[in-house]
Structure formats: structure tokens, C-alpha cells
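Asker: The lines below spell out each chain.
2 protein chains.
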Amino acid sequence: MDEGTGKMAQSLEDKLKNYDSPVDMLRNAEGGPYQFPIKSEFSNWRDEQEAFRKTAVLFDQSYHMTDHYMEGPDVKRLLTDLGANSFKTFGKDKAKQIVVCNEDGYMIGNSILFGLEDEKINIVNRPNAGNWVQFHAETKGYDVVVHKDERSLDSDQPRKGYRFEVQGPNAWAILEQLNGGPITGFKFFGMGEINIAGRKVRALRHGMAGAPGLELFGPYGDYDLIRNAIIEAGKDHGMLLAGSKTYSTVAHESGWVPSELPAIYSGESMKEYREWLPANGFEANSSLGGSMVSDNVEDYYLTPFDLGYSHIVKFDHDFIGRKALEEMKDSRDHKRKMTLIWEPEDVVRVFSSLFNEGDRYKFMDMPASHYATYPYDAVMHGGRQVGISCYPVYSSNFRRWISLCLLDPEVAEAGKELYVLWGEPDGGSAKPVVERHVQTEIRATVTDCPISTEARVTYKKWAA
Amino acid sequence: MDEGTGKMAQSLEDKLKNYDSPVDMLRNAEGGPYQFPIKSEFSNWRDEQEAFRKTAVLFDQSYHMTDHYMEGPDVKRLLTDLGANSFKTFGKDKAKQIVVCNEDGYMIGNSILFGLEDEKINIVNRPNAGNWVQFHAETKGYDVVVHKDERSLDSDQPRKGYRFEVQGPNAWAILEQLNGGPITGFKFFGMGEINIAGRKVRALRHGMAGAPGLELFGPYGDYDLIRNAIIEAGKDHGMLLAGSKTYSTVAHESGWVPSELPAIYSGESMKEYREWLPANGFEANSSLGGSMVSDNVEDYYLTPFDLGYSHIVKFDHDFIGRKALEEMKDSRDHKRKMTLIWEPEDVVRVFSSLFNEGDRYKFMDMPASHYATYPYDAVMHGGRQVGISCYPVYSSNFRRWISLCLLDPEVAEAGKELYVLWGEPDGGSAKPVVERHVQTEIRATVTDCPISTEARVTYKKWAA
Chain A
1 MDEGTGKMAQ SLEDKLKNYD SPVDMLRNAE GGPYQFPIKS EFSNWRDEQE
51 AFRKTAVLFD QSYHMTDHYM EGPDVKRLLT DLGANSFKTF GKDKAKQIVV
101 CNEDGYMIGN SILFGLEDEK INIVNRPNAG NWVQFHAETK GYDVVVHKDE
151 RSLDSDQPRK GYRFEVQGPN AWAILEQLNG GPITGFKFFG MGEINIAGRK
201 VRALRHGMAG APGLELFGPY GDYDLIRNAI IEAGKDHGML LAGSKTYSTV
251 AHESGWVPSE LPAIYSGESM KEYREWLPAN GFEANSSLGG SMVSDNVEDY
301 YLTPFDLGYS HIVKFDHDFI GRKALEEMKD SRDHKRKMTL IWEPEDVVRV
351 FSSLFNEGDR YKFMDMPASH YATYPYDAVM HGGRQVGISC YPVYSSNFRR
401 WISLCLLDPE VAEAGKELYV LWGEPDGGSA KPVVERHVQT EIRATVTDCP
451 ISTEARVTYK KWAA
Chain B
1 MDEGTGKMAQ SLEDKLKNYD SPVDMLRNAE GGPYQFPIKS EFSNWRDEQE
51 AFRKTAVLFD QSYHMTDHYM EGPDVKRLLT DLGANSFKTF GKDKAKQIVV
101 CNEDGYMIGN SILFGLEDEK INIVNRPNAG NWVQFHAETK GYDVVVHKDE
151 RSLDSDQPRK GYRFEVQGPN AWAILEQLNG GPITGFKFFG MGEINIAGRK
201 VRALRHGMAG APGLELFGPY GDYDLIRNAI IEAGKDHGML LAGSKTYSTV
251 AHESGWVPSE LPAIYSGESM KEYREWLPAN GFEANSSLGG SMVSDNVEDY
301 YLTPFDLGYS HIVKFDHDFI GRKALEEMKD SRDHKRKMTL IWEPEDVVRV
351 FSSLFNEGDR YKFMDMPASH YATYPYDAVM HGGRQVGISC YPVYSSNFRR
401 WISLCLLDPE VAEAGKELYV LWGEPDGGSA KPVVERHVQT EIRATVTDCP
451 ISTEARVTYK KWAA
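From first to last, the protein sequence lines stand for chains A and B. Just so you know, the UniProt record's numbering puts 369 at position 369 of the first sequence, and the rest follows in order with no gaps. Just so you know, the UniProt record's numbering puts 327 at position 327 of the second sequence, and the rest follows in order with no gaps.
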């Protein structure tokens with residue numbers, strides 16, 4: 001509520017009027033980090049993380065993502081008008097990582113796009129990309145009907161579907177055991193069906209752990225049936241159930257940045273969208289955190305090229321942002337997605353400050369220490385910001401804290417030593433998740449993205 | 001299920017037959033630490049812990065405890081036959097910390113006992129004590145009807161009642177603001193009523209934070225009404241909502257041991273009770289963890305004198321265990337309840353082992369690092385066990401890890417330096433919460449219990 005006028009803000013655009021700037025709203029938002037409303041641990045996160053690399057894990061993705069189901073004769077035209085991807089061969093049983101941008105070529109979001117039928121799709125992730133597509137479907141004259149199935153935290157309704165993921169080196173053996181025979185015909189990111197407990201279950205192939213695995217989905221009424229069958233089959237293969245602590249750390253090992261700030265908070269061309277987005281929705285209540293602070297929200301925007309999506313952007317069609325992306329595509333200034341390996345000695349120093357009488361550093365929760373929906377920490381070199389660190393996690397596989405980062409090209413080189421500015425300035429923002437603290441520097445070594453399994457032994461040993 | 005016979009165990013007694021010993025069952029149980037099924041943090045646990053000492057907190061106790069409601073003409077006789085407390089003046093609007101023991105004087109449990117009406121009581125805590133009273137009510141010829149309202153984790157039903165606690169130096173001001181005037185007539189551990197949002201709300205006075213506060217309870221249908229009113233009143237007094245992370249740490253600051261192993265797993269005299277307790281119940285599925293390992297489950301049993309309840313035990317009536325307790329009461333061998341302040345340098349060493357290629361120490365989760373329902377770590381001196389450390393927590397108020405402990409009298413002296421053996425032997429038990437690890441020694445200094453606010457500055461400074 002606007003304390004001056006007593007009027008309840010109706011839209012994101014309304015809400016922004018109560019703040020000095022979009023950054024002011026986002027940095028001091030009530031919301032904490034993105035939530036995964038499942039059990040935090042089933043056994044313990046150390047073993048669960050290691051199972052992801054050594055045996056197999058079952059991820060339960062049934063609750064934390066929003067599903068945008070869309071159906072109608074104009075579905076393909078809608079996608080083509082918005083997505084930077086090519087949709088030439090898209091249709092039933094095809095899947096994509098859909099990338100949507102604003103007119104200026106900055107990311108609004110990315111999601112998994114499922115071709116359920118030739119004229120029916122599902123867009124699944126944090127709601128950012130799906131909301132943008134829904135906005136166009138509902139306001140720009142497309143013959144498309146949208147059913148938005150909100151993530152559990154934003155809804156009292158049961159989910160429409162379950163969504164499980166079996167990943168790890170033993171995943172395929174578990175899935176073939178469930179299927180009762182070899183699973184064939186799945187290309188990478190291809191869809192198909194397997195048998196589980198007497199059901200034909202639709203699936204998407206990917207391989208988060210560097211080994212093939214499947215994402216499985218179907219009606220929520222089958223949740224227990226399918227889950228129990230997977231658990232039973234997994235027993236012979238050392239599969240562990242992974243809780244939210246483990247789930248929130250493994251994207252890093254596969255190199256996916258889940259948390260780009262959507263480029264929607266500024267500009268006249270996005271005003272209509274901000275008026276459409278509700279004041280009580282995700283975009284109006286998510287938070288921005290970390291040591292990177294700029295008054296200009298556009299400094300936080302990222303392009304598909306910054307995020308490593310060059311191979312996704314296809315200029316074989318017209319889409320929002322095409323002109324800007326075409327102009328910038330050959331630039332050498334795009335950021336490079338790399339991994340930072342944090343220096344144990346400095347992380348230990350942060351931990352040790354918990355015993356200080358006075359100032360402490362920002363607490364690093366284990367195994368994931370992001371504390372905002374959009375974590376942006378400044379990566380520094382020679383006193384100058386040279387990149388963005390996208391939330392740090394401890395990996396029991398690498399025995400290190402690591403973070404994904406987007407670096408200026410001149411420092412984006414394996415072996416380079418940089419540092420992360422850890423904590424927020426001025427004692428910390430007003431986000432309730434942030435206790436008063438002081439900033440400190442944490443040394444970090446650049447390595448490849450995704451991080452290689454050799455990274456742990458390649459870099460200098462740590463002697464406790 | 002017994003894998004040999006294929007027969008499903010029906011009772012705790014049945015289940016025990018599948019194991020080498022009660023210790024074998026308990027140390028390798030599936031269950032992890034005792035759960036508090038509320039939000040883990042509302043703002044962040046550092047600020048929430050500090051609010052407990054500096055302003056006020058709202059604890060939500062509506063879900064994690066089992067309520068045993070008992071009603072009938074024999075209620076007082078039932079309590080008198082079992083409780084070590086005096087019940088001479090007990091009745092409506094009286095409350096007690098009820099202590100129940102076995103024939104040999106060892107603790108079965110302790111709970112808060114509420115006198116709701118002259119012939120109606122409620123016993124509230126982990127279910128141990130309540131189950132023991134229920135067993136007698138239902139099998140030993142008492143004219144008492146029991147309604148057991150299980151903790152949320154063991155039940156699909158909504159709770160019968162809400163239960164909130166407002167504690168901290170500003171608690172009384174918040175409660176008087178809610179009441180619309182001074183609150184009078186509450187003795188310590190006395191019950192009464194205050195006004196909240198148009199309701200007469202029953203309350204118990206205690207003071208977990210060293211300042212008076214109230215525990216409030218009423219019908220679950222009023223949960224939102226009462227909670228919202230408290231939150232609103234708390235805004236003027238710096239009150240924070242406390243999540244499960246904070247809740248699981250503050251008992252330590254007030255000196256209450258929540259986790260004595262119930263003395264029910266051995267002995268012919270307890271066999272009938274073990275046969276009555278179900279194989280799928282709390283007692284048959286809770287876990288024992290930590291570095292203290294004995295083949296004899298009775299080594300884990302504790303007396304009321306060990307736990308600092310000498311003032312509670314009253315020999316003005318006959319009760320189960322009286323004879324044994326009378327015989328031991330003048331012994332000088334009872335353990336003494338004290339607080340251990342853990343040496344920061346050693347805790348940092350445990351943390352640092354997370355970066356080792358090989359062996360790590362047992363992970364210490366923050367702010368509470370207990371990993372079993374009954375955490376028993378050995379406190380050592382000169383190579384010999386001299387006490388039990390009852391789960392360690394980090395306190396943002398003291399900027400230290402602390403644990404309650406039960407020490408042999410000869411070492412129970414403020415300033416004494418002892419050490420805690422941290423971690424389980426042989427790489428760790430089979431509890432799923434336990435990752436493979438090695439043991440280590442953590443130095444600790446003995447101080448009073450409850451820990452005094454001066455403890456932090458009295459002991460040697462830590463330089464990070």
C-alpha cells in the first residue's frame with residue numbers, strides 16, 4: 001500500500017511509483033531467495049550431492065516452477081514472434097530452452113518449452129518467461145488460450161502435474177529397469193514416452209550430471225504411484241532422494257544460470273507489460289541482492305550472448321529484440337560464462353567472523369548462500385568490477401565453494417585470479433534476510449563452465 | 001518388517017527383536033533430529049536469535065508437539081501415581097513441568113502439564129511422557145478418557161489448538177498492548193487469561209529469555225486471528241517472527257535439555273509398555289546419535305537429579321520410581337547440568353575440513369548441529385568420559401557454539417577446560433543423516449547453566 005495515498009498498488013508499474021527507483025524496490029524487497037518447497041534433505045546434502053555425480057538422484061520438481069499451458073492455432077506464431085530460438089522444426093514431442101528478450105535484446109527469461117501437441121505447449125520455470133508469453137497471448141490478438149498453473153508457493157490449489165527428474169551416472173539403468181527394457185529414440189532434449197508402473201509416462205531427455213537422464217511428467221494424481229516406483233527401482237542403483245538443499249546447488253555444476261534479472265523494470269516499451277503484471281506477482285516482489293550496486297537497473301540486464309546462449313539465438317524469423325541482437329551479435333564485449341572456485345582460506349575467514357564480538361561478514365548458508373531472488377555479486381580485478389558472480393554454492397563433489405560468473409572478456413581465462421566482493425555495502429540492504437554485516441574480499445580462481453570434474457585436483461591443494 | 005519371518009512388527013517390543021540391541025536399533029534408525037515443521041526463517045536466524053535477547057520474538061509452537069488431553073474423575077490420581085512432582089495444590093489453571101520415571105528412577109520424559117479444568121489436563125511436548133501417562137490411563141483401570149492430538153508430522157488431521165509464545169524483554173509490553181491494559185495475577189508458571197482481538201485467550205507465564213513472557217493457546221480456528229494480532233502489536237516493539245532454526249537453539253540459552261533418551265528400552269518391568277507402544281510410533285523410530293557409544297542402553301538413561309530437576313521431585317506421595325529416587329537422592333554422584341562454550345578455533349577446524357580431498361569431520365549445520373532425536377556426545381577429560389554433551393548450537397547472542405551438558409561432579413566447575421568428542425566412531429552410524437566422517441576433539445570451557453549474559457565477555461577473546 002502506498003502510505004502517502006493509502007491506495008493499494010494494482011500493478012508492478014503502480015508499485016514502482018512508491019520507490020526512488022526499480023533498484024530501490026528490488027534491493028529492499030521482502031522476498032528472499034527463490035524457494036524449493038520440498039523437504040530440505042532426505043538423507044543429508046553431502047551424500048545427496050555426491051550421489052548426483054556417483055550414482056543417481058531423484059529430484060522432485062513438482063512444486064517450485066510455474067507451468068504456463070498454452071493451446072490454440074496461433075501457438076507457433078506466438079512463440080515465433082517472441083522467442084529468439086528457431087521454431088522451424090518445433091512441434092509435438094519437441095522441447096527447447098526458450099529465450100525471450102525485450103526490444104533492446106536483453107533477457108526477460110528462459111524456460112523449458114515442451115511441445116505437448118502440435119498446438120499445445122507448456123512453458124516451465126520461474127514464471128518470468130511464461131508471464132511474458134502469456135501477456136502477448138492475452139493482449140495481442142493471438143488465438144491462444146492460456147492456463148497458468150502457479151508454483152505451489154503462489155497457489156492454494158494442487159498442482160496439475162507431477163515432475164520428476166532422474167539424473168546421475170546410474171540414471172539410465174534405473175529408467176530402463178522401470179521401462180522394462182531398453183529406452184531408445186530419445187535425442188538430447190528430445191521427448192518421448194517410457195513405461196512406469198503400468199503408465200505411459202512422457203519424458204524429456206537431458207543430462208544435468210553429464211550422463212543421460214530423463215525429466216518425467218504426468219497428471220498429479222499419479223504422483224505417488226510414479227514416485228514410489230522410481231524409489232523402488234533406484235534401490236538397486238544407489239539412488240538417493242535429493243532435497244531442496246542439493247537441488248539448489250547442482251545447476252551450478254551443469255553451468256546453467258537460473259537467476260538473470262528480467263529486463264522489464266525500465267523503459268517506455270515495457271510500460272504496458274509492467275501495467276499488466278500485478279503488484280502482488282512474482283516480478284513485483286522478487287529481490288535483488290549482493291555486492292553489485294548500481295542506481296541504474298539496466299546495469300543488471302543481460303543479453304543471451306552474455307549468458308552463453310549464442311547457439312540458441314537464430315535470425316531465421318522476426319522476433320522481439322531481433323534487431324538489437326543482430327546488431328550486437330558480433331561484438332567482442334559480451335560477457336563470458338565461467339566458473340569461479342572460491343579460495344577456501346577466505347571462506348574460512350568469513351566463517352570465523354561468526355565468533356567476533358563486533359562486525360561479522362555476511363553469513364554464508366550451506367550449501368547455497370544466495371540470499372535474494374537475483375543474486376548479483378561484483379567480481380573485481382585491480383579495484384575494478386570485471387564481472388558478476390551468480391550465487392555461490394558449496395559442492396561436496398569439488399570440496400569447494402563455487403559460483404557461476406559472467407566475466408568481461410579480458411579476464412575470462414581459466415587460471416585467472418580475481419576476487420568476489422562478498423556482502424552488501426553500508427551494513428546491508430533492508431531485505432529481512434540480510435543481517436547487519438561488513439563487506440570483504442574473497443579470492444577466486446576462474447575455471448571453465450561447466451566446471452570439469454578435474455577442477456578439484458587441478459587447482460592448488462588446501463591443507464586444513 | 002522382519003526380513004527373516006516376513007512378519008510386520010506390531011509393537012516396539014516386536015521391533016526390538018530384529019536388532020542386536022536397543023542401541024543398535026536407535027543408533028541406526030532412519031529418523032533424523034526432532035523436527036519443527038514451521039518456516040525455517042522468517043527474516044534470518046541471526047537477527048531472530050538476537051531479537052530473543054534484545055526485543056521480542058513470536059514462536060509458533062502449534063505443530064511440533066503432541067497434546068495428550070485427558071479428562072475424568074481419576075485424572076489427579078493418575079498424575080499422582082506417575083509424576084515425581086507434588087500434585088497437592090494442582091488443579092484448574094495450574095501448570096507444571098511434569099517428570100515421569102520408570103521403577104528404577106530413570107527419566108521417561110518431561111512435559112508441560114496444563115490444568116485445563118479440575119478434571120481435565122493437557123500434557124504437551126515430544127510424546128514420550130504423554131504416551132506413558134496414556135498407557136496407564138488406558139490399561140490400568142483409571143476413569144480417564146484420553147484424546148491424543150498428534151504432532152503434525154505424525155498426523156494428517158488439522159491441529160486441535162494453536163500455541164504461540166511471545167518472549168523477550170519487550171514481550172510483556174506487547175502482551176499488555178494486546179490485552180488493552182496491565183496483565184496481572186500471573187505467577188511464574190501460573191495460568192490465566194488475556195484479551196486478544198476480542199477473544200479471551202488462555203495463557204501460561206514463563207520466561208525463556210530471562211524476562212516474563214506468555215505461552216498462549218486456544219482453538220485452531222483462531223490461529224490466523226490471534227497470530228495476526230500478535231504480529232501487528234509486535235511491530236511497535238521490534239518483535240521478529242522466529243523460525244525453526246531459531247526455535248531449535250534457544251532452549252539452550254534457558255538451560256532446558258529437551259532430549260533425554262526415555263528409559264523404556266530395557267528391563268522386564270517396561271516390557272508391557274513396549275508391547276503397548278506401536279512399531280510405527282515415535283519411540284520405535286527415533287534415533288540416537290553422537291560420539292557416546294555403549295552397548296548397554298541403560299548407560300544413556302538419566303535421572304531427574306542428573307537433569308537438574310531435584311526441586312521438582314517430591315516424596316509427598318507414592319509414584320512409580322519413588323523408592324529408587326529416594327535411595328539415590330542424597331548421592332553425590334548425580335551429574336550436574338552446565339553449559340559448554342566450544343572453542344572457536346576447533347569449530348573453525350571442523351568447518352575447514354569441508355575443503356579436504358579426503359576425510360572430513362562431521363558437518364555442523366548452523367545454527368543447530370544435532371543430527372539425531374537423542375544427541376549424546378561424550379565429554380572427555382584426561383582420556384576418560386566425564387559427561388554428556390546435549391546438542392550444540394551456535395548463538396548469535398554469545399557469538400559462540402554452546403551446548404548443554406551433564407557432567408560428573410568432579411569436573412562440573414565453571415572455567416574447567418574439557419573436550420567434546422565430535423562425530424561418531426567407525427566413520428559414522430547407518431543413520432541416513434550421517435555422512436562418512438572422522439572424529440575429532442573440540443575443546444570446551446565449562447560455564448553456568450543457564451548461560452549468563454556475561455559468559456561471552458568473561459571468557460577469552462577470539463581473534464579472527
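Just so you know, these hints were derived from the structure itself, not from any lab. A portion of the hints provided could be inaccurate.
Identical copies look the same in the list; a pair holds intra-copy or inter-copy alike.
Unchecked claim - Computed cross-link-like contacts, SDA-like style, restricted to lysine to any residue with a CA-CA straight-line distance of at most 20 angstroms:
id : residue 1 : residue 2
1  : K235      : N28
2  : K54       : E435
3  : K54       : H437
4  : K39       : L153
5  : K54       : G358
6  : K39       : Y63
7  : K314      : S86
8  : K140      : A414
9  : K235      : G31
10 : K329      : P73
11 : K235      : E435
12 : K200      : G218
13 : K88       : G415
14 : K187      : Q35
15 : K54       : D299
16 : K92       : P409
17 : K235      : F315
18 : K76       : K94
Asker: Could you run down the list of hints and mark each one as holding or not?
Answerer: Here is what the structure says about each hint:
{"no.": "1", "hint": "K235 with N28", "in the structure": "between (45 angstroms within a copy, 18 angstroms between copies)"}
{"no.": "2", "hint": "K54 with E435", "in the structure": "between (37 angstroms within a copy, 15 angstroms between copies)"}
{"no.": "3", "hint": "K54 with H437", "in the structure": "between (38 angstroms within a copy, 18 angstroms between copies)"}
{"no.": "4", "hint": "K39 with L153", "in the structure": "both (14 angstroms within a copy, 12 angstroms between copies)"}
{"no.": "5", "hint": "K54 with G358", "in the structure": "between (42 angstroms within a copy, 16 angstroms between copies)"}
{"no.": "6", "hint": "K39 with Y63", "in the structure": "both (11 angstroms within a copy, 16 angstroms between copies)"}
{"no.": "7", "hint": "K314 with S86", "in the structure": "within (5 angstroms within a copy, 81 angstroms between copies)"}
{"no.": "8", "hint": "K140 with A414", "in the structure": "neither (46 angstroms within a copy, 75 angstroms between copies)"}
{"no.": "9", "hint": "K235 with G31", "in the structure": "between (38 angstroms within a copy, 18 angstroms between copies)"}
{"no.": "10", "hint": "K329 with P73", "in the structure": "neither (32 angstroms within a copy, 85 angstroms between copies)"}
{"no.": "11", "hint": "K235 with E435", "in the structure": "between (42 angstroms within a copy, 18 angstroms between copies)"}
{"no.": "12", "hint": "K200 with G218", "in the structure": "within (9 angstroms within a copy, 49 angstroms between copies)"}
{"no.": "13", "hint": "K88 with G415", "in the structure": "neither (40 angstroms within a copy, 76 angstroms between copies)"}
{"no.": "14", "hint": "K187 with Q35", "in the structure": "neither (31 angstroms within a copy, 43 angstroms between copies)"}
{"no.": "15", "hint": "K54 with D299", "in the structure": "neither (40 angstroms within a copy, 39 angstroms between copies)"}
{"no.": "16", "hint": "K92 with P409", "in the structure": "neither (39 angstroms within a copy, 75 angstroms between copies)"}
{"no.": "17", "hint": "K235 with F315", "in the structure": "neither (47 angstroms within a copy, 55 angstroms between copies)"}
{"no.": "18", "hint": "K76 with K94", "in the structure": "within (12 angstroms within a copy, 71 angstroms between copies)"}
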